[in-house]
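Q: Residue-level listing of the chains:
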Amino acid sequence: MKRSFFGLQQPRFKYDAVSNVNIEPVRIAVPEKVTLFLNRPFEGKTPRTLNVGDRVKTGQKITLYEDSDAYVISSVTGVIRSFDSFLGDYGQALTAINIEPEQTDEFDEALRKALEEDGIAAARDYLLSIPGGMPPEMLKGGHVDTLVICGIEQDLLSITNQFVTKSKVSAMNKGVSAIKKITGVHKVVMALPQSLIQEAGAIGGASGVELRVIEDEYPSANPRLIMRDVMGQVVPADKRPEELGIFFVNAEAIAAVGEAVEKKILPVTKTLTVIKKDMTKTVVEARIGTPFSDIFQALDITLFDRDRIIVGGPMSGTTVYAEDHPVDPRTLSIMIQDSSDVPLVSDYPCINCGECVRICPADVPVNMLVRFLEARQYETAADEYDLHSCIECGLCSFVCPSKIPVFQYIRLGKYELDRIRLEEEAEAPETLEEPAPETEETTEEETKTAAAAKEEEA
Amino acid sequence: MYNRKKFIVSHAPFWHDGSWIAQRSYNILLAALPAVILSIYYYGLPALGVVALSVSSAMLWELGFTRVSKTADTIGDGSAAVIGMMFAMLLPPVAPWWLIVAGTFLAVVIGKMIYGGIGGNPFNPAVLAYAIIGVSWWDYLNFDAAIVNYDLGFITMFPLALAKHAGMHTDLFNVQQIISSYNLTDLLMGRQVGGIGATFGLGLLLGGIYLIIRGIIRWEISISFLAGVGFTALLFQAADPGRYAGPLFHLLTGYTLLGAFFLATEDSSSPVNFLPMLIYGAAAGILTVLIRNIGAYPEGVIFAILVVNLINPLLDKIRPKALGKVT
Amino acid sequence: MAKTLVQEFTKGLWNEIPPFRLVLGLCPTLAVTKSVESGIGMGLATTFVLVCSNVLVSLLRNVIPPKVRIACFIIVIATFVTVVELVMQAYAYPLFLTLGIFIPLIVVNCIVLGRSEAFASKNNLIRSTADGLGIGTGFTLSLGALGGVRELLGYGTLLGKDIMPASFEPFSFAIEAPGAFICLGLMLCIMNLIGSK
Amino acid sequence: MGDYIVLAISCILINNILLAQYLGQCPFMGTSKKMETAVGMAMAVIFVLVMAGLITWMVNTYILVTFGLEYLRTIAFILVIASLVQFVEMFLKKSIPALYAGLGIFLPLITTNCAVMGACLININEEYTFMQALVASFSYAVGFGLALILFAGVRERIILGRVPKPLQDTSIALVTAGVLSLTFFAFRGMV
Amino acid sequence: MGDMIKMVVVLTVLSAFSGGLLAAIRDNTKEQIEVQQLTFVKGPAIREIFKDAGNDPISDRFKLQYGDEERSFFVGVYDGNPKGVALETYGKGYGGDVGLMVGIDTETDKIIGVSVTTHAETPGLGARAKEDPEFSGQFEGLSLTDTIAVTKDGGQVNSISGATITSRAVANAAQKASDIYKRLKPEIIENAKSIAK
Ligand SMILES: Cc1cc2nc3c(=O)[nH]c(=O)nc-3n(C[C@H](O)[C@H](O)[C@H](O)COP(=O)(O)O)c2cc1C
Ligand SMILES: Cc1cc2nc3c(=O)[nH]c(=O)nc-3n(C[C@H](O)[C@H](O)[C@H](O)COP(=O)(O)O)c2cc1C
Ligand SMILES: Cc1cc2nc3c(=O)[nH]c(=O)nc-3n(C[C@H](O)[C@H](O)[C@H](O)COP(=O)(O)O)c2cc1C
Ligand SMILES: Cc1cc2nc3c(=O)[nH]c(=O)nc-3n(C[C@H](O)[C@H](O)[C@H](O)CO)c2cc1C
Ligand code: SF4
Ligand code: SF4
Ligand code: SF4
Ligand code: SF4
Ligand code: FES
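Here the protein sequences come in this chain order: B, Y, A, C and W. This note's numbering puts the first residue of the first sequence at 341, with every later residue one more than the last. This note's numbering puts the first residue of the second sequence at 105, with every later residue one more than the last. This note's numbering puts the first residue of the third sequence at 39, with every later residue one more than the last. This note's numbering puts the first residue of the fourth sequence at 45, with every later residue one more than the last. This note's numbering puts the first residue of the fifth sequence at 32, with every later residue one more than the last.
Mixed in with the good hints, there may be bad ones.
Ranges of calculated distance between the beta carbons of each label pair, as one might list FRET restraints [stated by the list, open to error]:
#, chain 1, residue 1, chain 2, residue 2, range
1, B, L584, Y, K421, 27 to 37 Å
2, W, G193, A, K199, 50 to 60 Å
3, W, G127, A, T42, 36 to 46 Å
4, Y, L379, B, K603, 51 to 61 Å
5, Y, P150, W, Q63, 58 to 68 Å
6, W, Q187, C, Y106, 54 to 64 Å
7, B, E456, Y, V430, 45 to 55 Å
8, A, K41, W, E62, 57 to 67 Å
Hint data in this document are derived by calculation from the structure and do not stem from the laboratory. Ideal Cβ positions, reconstructed from N, Cα and C, are used throughout, including at glycine.
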């Protein structure tokens, strides 16, 4: 992690390869409490379909609010103990559902019924919070041109997708054919490190997946870099790949889809990589909603004040406040960092050393960008200094000798611009309404002149 | 029973390569040491005094400024020490104390702090201070006048002034003859007259290469600077060998090496993109020889660097197209 | 809010003192402040033109048709500038030599035209006179002060008299063009500091 | 030809109208905060200064000197320049609207710009011939534009820096202009 | 229409007023300005040449016609005798005309001294013609019977290093003065005598 003596050479990070390591996942017992997040703000007064004290089954689709079709899949059989409001990243408001599990699972039959009655396409309405997660836009029936399955995580250290790719070949095969039928996508690509190409051969052969090798150097597993380097198509900076009909999904999600259509029961166990303070990695399988503390306990991890719990990898993850934060369908890894390893940021200005510019894989002029972001000139940052080209790899922050939280500035800048854009869009209809009175006036005038003409005639 | 631990919540990335401004500063000081130590060996205590006063007064000015303006202390980052050192390296070994103190004030306060401190300065602070001092108190910077009382066992005439003089009086002198009295070893081993940190060619080369290897200065600037000097000098020499000195002489005298490795590479006032760095360095090199050969001053590095500092913001607008940028 | 005559005068000495508060008239400020004497000379010349043109414009303000307003102002100002030019040549030739083309350039000095346009064409004779005198005095003081700083640093003298100790080495940068900019910039900084207190 | 090149270099770099002659400071300070405005102003000055330089030269040579009216030079020049700018504005508005849109807001600023008036007066004081006046006027204007654009580049960055409050804006800009002027010392002796 | 007339009337009246005022001032200052110019521009040079003269050479001047030009001559009186005259001539220098005041001893027809009045030469190069007493000193005592020229042209004047053009200009100017003096000598002596009286 330290800068090498030969600073002229840029730091290089290799993705960890799992092919030669035989990993046996640690299975975490069903916890005493699971917490599920529903992507809706918590509203005490809105009529609910379920209430505290109600029982839910494993795999049951919980559509909590009557006026919304947002749902979450219960990962256990048990009794709802409480509802809470929870603030996610950048203040995103969620509803937390706390469930007290029972010893044995009773599986929900809704999916089986739907599959048997309406065929495989019916699965579409159940897959959103499958382990690994599915892009909501894809499930809503948007046009899917290409599906890119990531056999490797964007971020470093985490090996969840690689592990799944290696160990669940047949489930993935089934998942690919299922997802093709569900979404109608023809082109499915799987992006993999060279080390997994042997194992993945089976997937490619059976279900018509194109295998593509990506470089083993960070951040080549970034979707936009995969687009450029592997797919040969540069995504315009102000567009998301989704807008071009290209969707990225984790290998884990595809395997989960395979399991779901095969067993006709929704899988509820999440695979994830836990990275300890000494950077050793353990693959863990736990029910979605399991508090991190249960995992830590199972792995003998003790935490102290001022340590850091990171969800995701070291370059682009997010930190959480509490040990009892639950496992989410999209949690690929949990990283623990000792307080002594926590890098400090400084309030120094940019010294224009250019390290960030040289390392940026997206050719963003970070040295200038950071000045504009610091001055809160987000519009200029976006228009002239390529804010939107940033692929959020975090390398610029990593190398900055001023220890400027560059990456944080960038995310904040993008977030602020989004907010401004949304506000403007919200205002837009009002401005559209304005011309209306004008037309009324003209009609009034016309009627008046018409009336005058009549009078003249008279 | 609430006994929750407090965890640090912050933003990605959670790794950092551990580089820090102070580290860069102290490595620059380290790289400068060989050249400075040799000068101290030749000129003795006066030179040591100049260096010590320059570095310490630069740091005190910065400390004073941060105190008075009630901003965070910044002397720990070493930037003031580096500015003091660079300024000392430009000076003759006998510069008077008041000139040094005034110079470091100009460098640190006018050149850097009023622009918001490190990273804000559009010009190299030490170079700027030297130019201002030069306009006012040239007599004290003039090497030939300054070290007239030394007997050092080598030619105590500033090589560039001598070459310029000879070039202006071609009826009396032949430049090639004049400069042949400075042999290569002398120039490389510091047996020539010049700034405290500017005479020891070999030491400067080593320091520069060290900084390049450490990734603290950008080689593109240094190399193109030297190439610019060499190439332009070659052209001039080819045009009129009787009047203009050759590339090797220009590369190893005056502030050329100091400028290429330590002055032109100052982070804040130099470009960061590849092509701009090459243009910047080459322009500085070309301009250096132009000023020396046809301009008003025998030494050209100072003003050449100021000029390229000035065009740096425009140059750095030349940059690769960012990923996914439309048009 | 009508200002009293005194306020009309004193605003030019601090609140609207050129060139610090009204960032106008920078060129003569930079060009002719190598010494107190030339600074004040320029200030007085400008004041004369300011007051005279303010007076005349204010007197004629009801006669001048708005469309040719600027043209009339320019004629009035240019006339007084030429008067200064001729009189200075006749009676203060060395000063004329130091001030050079900056005397004819008073005609384009934004302060003068600005005052005619913004003040004298809307106010009566007495107010306009007070205004012209105030702004002019402020300008003169500014130039004198800047001239003082530059003369002291650059020559070690004030009004031609040696002030600094014999060992002082004149900081001649202060009287070169770059020094003019930097001294003015730093003086502006000091004004801002005082003003913000 | 060589003489004209020397004159041009001297007017652009050595006797730069902004940095060595102290003319046109107010637009220099006023239009250098953004590169776009700086470029617009530079173009407008080049346009007007060349025309004004030539016309005032002719007015001086064929009218003022011929009739012994040199003492009316100031008044004549300012009227010529003011009407010229008015005329140019009207002409551009009608015939080259695109250029007018680009230069439009800068044109009125130029009327009371001492750079234009000053350059015209220098042409006369230096007793330039018609061709010399043409070269000098153009070169002064180019020098103005060059300095203005370089200054804008530097200033755009300074504005983003952490300049202490009392120095912000004009104060730091003046200091920087000073350094700019010092920088141009580099070209001394080069023509 | 009324507006139009008013505009024209106002502008005309204003211009007339301006023209009248300036013409009047101009007439009244004309003499004085000439004196001032002589005192401050040529004065130093003349006084430099007639260091020990007992009169004020600037006021003791007369004009003579040479070709179609009128030229001023300044008389230096020593011990009651009008022993020297000075006249100004021009030579083409590097940056334009170089003006040279040449003092001539009317008794020996030798140069008393020369002094550069106006020039636009490069500081540090040609400008040294004015500043360097060694250079101008070379002209002292040169006889008008000889051709005055720089050594490169076979004359006796060493040029300033790096500034042959300027040096040549000065030598040419001196030679021109010599020509004028030799042509007008009788009239000059007559006039000088009458002035000294
Ligand atoms: C002469 C010298 C002085 C130093 N002074 C300081 C200091 O004052 N503060 C500081 O944080 N580090 C200081 N350091 C340490 C550097 O910041 C840094 O740790 C060291 O140079 C690492 O560089 P290296 O990789 O060459 O060892 C100093 C180093 C040297 C060589
Ligand atoms: C004269 C001198 C002063 C030093 N001062 C410091 C200092 O103040 N702080 C510091 O961390 N290191 C200082 N060092 C360097 C340390 O001895 C040591 O090399 C350094 O702390 C280790 O580098 P690091 O902190 O980058 O790992 C100094 C070294 C020298 C030669
Ligand atoms: C920047 C510069 C300024 C010059 N100024 C002058 C000058 O003021 N007077 C002059 O005679 N020649 C001037 N010259 C012309 C050269 O010095 C010319 O080569 C010289 O006059 C030739 O004479 P030399 O035989 O003494 O070298 C100047 C040249 C340059 C490059
Ligand atoms: C970098 C630099 C180099 C200078 N070199 C010389 C020189 O070689 N000879 C000299 O007389 N003056 C030199 N000066 C001083 C300068 O020519 C002159 O004294 C000032 O510019 C005064 O206008 C130099 C000044 C500076 C800033
Ligand atoms: S995070 Fe930094 S290095 Fe990575 S793409 Fe964005 S700007 Fe470039
Ligand atoms: S790495 Fe940091 S200090 Fe260096 S240029 Fe980038 S942002 Fe500035
Ligand atoms: S001033 Fe120039 S020409 Fe004269 S001796 Fe020195 S270097 Fe030679
Ligand atoms: S006219 Fe006046 S205000 Fe405008 S630039 Fe010149 S001095 Fe400044
Ligand atoms: S990939 Fe996330 S910022 Fe670069």
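Q: Compare the structure with each hint and give your call.
A: We went through each hint and held it up to the structure:
| no. | hint | verdict |
| --- | --- | --- |
| 1 | B:L584 to Y:K421: 27 to 37 Å | 30 Å, holds |
| 2 | W:G193 to A:K199: 50 to 60 Å | 38 Å, violated |
| 3 | W:G127 to A:T42: 36 to 46 Å | 55 Å, violated |
| 4 | Y:L379 to B:K603: 51 to 61 Å | 59 Å, holds |
| 5 | Y:P150 to W:Q63: 58 to 68 Å | 59 Å, holds |
| 6 | W:Q187 to C:Y106: 54 to 64 Å | 45 Å, violated |
| 7 | B:E456 to Y:V430: 45 to 55 Å | 49 Å, holds |
| 8 | A:K41 to W:E62: 57 to 67 Å | 46 Å, violated |
Violation of the numbered hints given earlier is confined to hints 2, 3, 6, 8; the remaining hints are satisfied by the structure.
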